[in-house]
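So the protein sequences, as listed, match chains A and B.
One point on numbering: in UniProt numbering, the residue at position 98 of the first sequence is 98, and numbering is uninterrupted.
One point on numbering: in UniProt numbering, the residue at position 50 of the second sequence is 50, and numbering is uninterrupted.
I should point out that these hints are in silico values taken from the structure, not numbers from a laboratory.
Keep in mind that this is a model prediction, so the values were computed, not measured.
There's no promise every hint is true.
Since the list gives no way to pick out one identical chain from another, each pair is judged satisfied if it fits inside one copy or across any two copies.
Dumping the calculated SDA-like pairs for lysine to any residue here, alpha-carbon to alpha-carbon at most 25 Å [stated by the list, open to error]:
(1) Lys93 - Glu30
(2) Lys72 - Phe92
(3) Lys98 - Glu30
(4) Lys69 - Ala2
(5) Lys72 - Gly29
(6) Lys69 - Phe105
(7) Lys98 - Met83
So you can see what is in the structure, the chains are spelled out below.
There are 2 protein chains.
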Amino acid sequence: MAMLANTPPPPYYAVIFTSIRTDIDQGYGEMAARMVELAQTQPGFLGAESARQALGITVSYWQDLAAIKNWKAHSEHLLAQQMGRETWYQAFKVRISKVERDYGF
Amino acid sequence: MAMLANTPPPPYYAVIFTSIRTDIDQGYGEMAARMVELAQTQPGFLGAESARQALGITVSYWQDLAAIKNWKAHSEHLLAQQMGRETWYQAFKVRISKVERDYGF
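Isolated chain A, as found in the complex (with noise of 0.2 Å):
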């Protein structure tokens, strides 16, 4: 069952990853499912939601800019980057951003 990520009350840190894709799919599906399952065990690490269509968005969801910092320099992450970059996305865009405000339910 789909659920809203359950992150704490701000200020905390949105990293909005958008997408596009290749055709390719060269271990695409393996290497996402991955990457969310290990993004999970990272410290600092507050939760994260995704879906795709013509386009891709997983927003995930950090306690501060170090968090962001370290789960970047991870060696299977950087690995999953350079597959991004060189294979599966014909154009993506990073935004770290610091959430401020948040409201819902």
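We have chain A; now place chain B onto it with these hints.
Okay, now just chain B, sitting in the frame of chain A:
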């Protein structure tokens, strides 16, 4: 053809709207399309990206907090928000965040 939002250099703001739908249609598709169209005409609007699978994610980008506040208070948008709360969403979260850095290709 899908396109990533062509945002200016940071800083700017991102409104991260994530939701889980009910199974009630009641004009949802038309209203969602109308809100995208209307948002694009608002002062300070910089772009938007959307995808929905089990979870829906729409990220809209804005010049500053005043632009976000104006859009939130727009009369047609207020009606859409009310329908969202009462009819279309079983859960949603709005996160207002300041984009500090971005990269990609």
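Structure-based check of each hint:
1. With identical chains, the CA atoms of Lys93 and Glu30 are at most 25 Å apart within one copy only, with a shortest distance of 21 Å there and 28 Å across copies.
2. Taking the shortest Cα distances, Lys72 and Phe92 sit within 25 Å of each other inside one copy (15 Å), while across copies they are farther apart (28 Å).
3. For a Cα distance limit of 25 Å, the shortest separation of Lys98 from Glu30 qualifies neither inside one copy, at 30 Å, nor across copies, at 32 Å.
4. Taking CA atoms no more than 25 Å apart as the test, Lys69 paired with Ala2 passes in neither setting, with 28 Å inside one copy and 29 Å between copies.
5. For the identical chains of this complex, Lys72 and Gly29 are intra-copy neighbours only, at 19 Å inside a copy versus 37 Å across copies, given an alpha-carbon limit of 25 Å.
6. For the homomeric pair Lys69 and Phe105, the shortest alpha-carbon distance between copies (20 Å) is at most 25 Å, but the shortest distance inside one copy (31 Å) is not.
7. For a Cα distance limit of 25 Å, the shortest separation of Lys98 from Met83 qualifies neither inside one copy, at 27 Å, nor across copies, at 29 Å.
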